[in-house]
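Start counting the sequence shown at 1; every next residue gets the next number (this note's numbering).
The set of hints was computed from the structure by calculation and includes no laboratory data.
Since this is a predicted model, take the numbers as computed values, not measurements.
We put the CB at the ideal spot given by N, CA and C, even for glycine.
Incorrect hints may have been included.
For lysine-lysine, the following PhoX-like pairs were computed, each having C-alpha atoms within a straight-line distance of at most 25 Å [what the hints assert, rightly or not]:
#1 5 - 46
#2 163 - 173
#3 5 - 117
#4 126 - 262
#5 163 - 126
#6 179 - 189
#7 55 - 26
#8 117 - 55
#9 163 - 117
#10 262 - 209
#11 262 - 117
Pair by pair, the computed Cβ-Cβ distance ranges are [stated by the list, open to error]:
#12 271 - 123: 50 to 60 Å
#13 239 - 182: 34 to 44 Å
#14 21 - 182: 58 to 68 Å
#15 52 - 165: 39 to 49 Å
#16 219 - 242: 50 to 60 Å
#17 145 - 219: 41 to 51 Å
#18 145 - 205: 29 to 39 Å
#19 2 - 181: 31 to 41 Å
#20 21 - 180: 48 to 58 Å
#21 180 - 10: 17 to 27 Å
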Amino acid sequence: QMAAKINEAHDHIAKAEKYLRTSFMKWKPDYDSAASEYSKAAVAFKNAKMLEEAKEAYLQEAEAHTNNKTYPFNTCVSLQDMQRIPEAIQYIERASMMYVENGTPDTAALALDRAGKLIESQDLAKAVDLYQKAASVFENEDRLRQAVEMLGKSSRLLVRQHKLDEAAVSIQKEKNMYKEIENYPTCFKKTIAQVLVHLHRNDFVAADKCVRESYSLPGFSGSEDCIALEQLLQGYDEQDEDQVHRVCNSPLFKYMDNDYAKLSVSLRVPGGGKKKKAPAADAAEGGAGAGEADEDEYAGGLC
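Using the sequences and the hints given, assemble the complete structure.
Encoded structure:
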């Protein structure tokens, strides 16, 4: 039975190659029929447990679909099922280009988004590239809400890879888009992400600038986001470890997207920081004398 499956697969390969040949009477290869035969060959090889041969047949099917300017969707799914994700991604990218050329950019962007999700567990850098391409396609169509969603995925993965310079640029682009579509509350959250990224880059000036620029956003001044960021920057600038820890462990920061929450809880002030002394410790350090007497005079408070 195994031998029969192998023979069946080779028969389909031979038929596919025949469809691709040209002659005096046949000027153009029949890519559609060839793709069908390669697909049948791949299934037969797969049933015969010849996975490398099956993969090769699927790739030839995808190539035939691409030459025929049709999207090799089933091929990509089959390659994905065989854990041949990089090959599947390659064909999804090529298909997305065809979609753009054929005037269906939304489908192209969705295909790139899907490819990004597929490759995330294996290659974060490639996933970032795919999400950025999807964002560009949506942006070119003035679909800013969809574009900024793709950029958000890209920014988070850049943070996960500790590519903080690139992440800072990506988050700024997100913030600009949210401002353009007048989603100001999300701009505030992006400012928090920006500040965390810049402080991890040891760039206090850039972090401070992000907050200052955000004062022009309607509703930012006096918001909980604004107050928390002012406290964070003050604590960081004064090397007050307690204040930075308190802000970074507040619900506002802890319940951000996981990649930013990790930046928050791992933030340390420069030089190791200092802890504010308790009033009792201050009094003890003052020693006996007038200073101590002053402390004692108000020891019970003013009331």
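The hints, checked one at a time:
Our distance criterion of 25 Å between C-alpha atoms is met by residue 5 and residue 46, whose separation comes to about 9 Å. With a CA separation close to 16 Å, the supplied pair residue 163 and residue 173 stays within the 25 Å bound. This hinted pair does not check out: residue 5 and residue 117 have alpha carbons roughly 34 Å apart, beyond 25 Å. For the given pair, residue 126 sits about 22 Å from residue 262 by alpha-carbon distance, which is consistent with the 25 Å threshold.
With a C-alpha separation of about 14 Å, the suggested pair residue 163 and residue 126 falls inside the 25 Å cut-off, and the hint holds. Simply put, residue 179 and residue 189 have alpha-carbon atoms about 12 Å apart, close enough for the 25 Å limit, and the pair holds. Between residue 55 and residue 26 the CA atoms are separated by roughly 29 Å; this puts the pair beyond 25 Å, and the hint is violated. The straight-line distance between the Cα atoms of residue 117 and residue 55 is roughly 21 Å, inside the 25 Å bound, and the hint therefore holds.
For the hint linking residue 163 to residue 117, the alpha-carbon distance of about 19 Å falls within 25 Å, and the restraint holds. At most 25 Å may separate the alpha-carbon atoms for a hinted pair to count; residue 262 and residue 209 meet this at roughly 23 Å. A C-alpha spacing of about 21 Å is found between residue 262 and residue 117, which places the hinted pair at or below 25 Å, so the restraint holds. A beta carbon spacing of about 37 Å between residue 271 and residue 123 contradicts the range 50 to 60 Å that was offered as a hint.
For residue 239 paired with residue 182, a C-beta distance near 38 Å keeps the hint of 34 to 44 Å intact. At roughly 59 Å, the beta carbons of residue 21 and residue 182 sit within the given window of 58 to 68 Å. For residue 52 and residue 165, the Cβ-Cβ distance of about 41 Å falls inside the hinted range of 39 to 49 Å, so the restraint holds. Between residue 219 and residue 242 the beta carbon distance is about 29 Å. The supplied range of 50 to 60 Å is therefore violated.
Range check, residue 145 to residue 219: Cβ separation about 20 Å, and the 41 to 51 Å hint is violated. The supplied range of 29 to 39 Å is met by residue 145 and residue 205, whose beta-carbon atoms lie about 32 Å from each other. Separation of residue 2 from residue 181 is about 59 Å and departs from the stated range, judged on CB atoms against 31 to 41 Å. At roughly 54 Å, the beta-carbon separation of residue 21 and residue 180 lies within the given 48 to 58 Å, and the hint holds.
Look at residue 180 against residue 10: about 58 Å separates their beta carbons, and that is not inside 17 to 27 Å.
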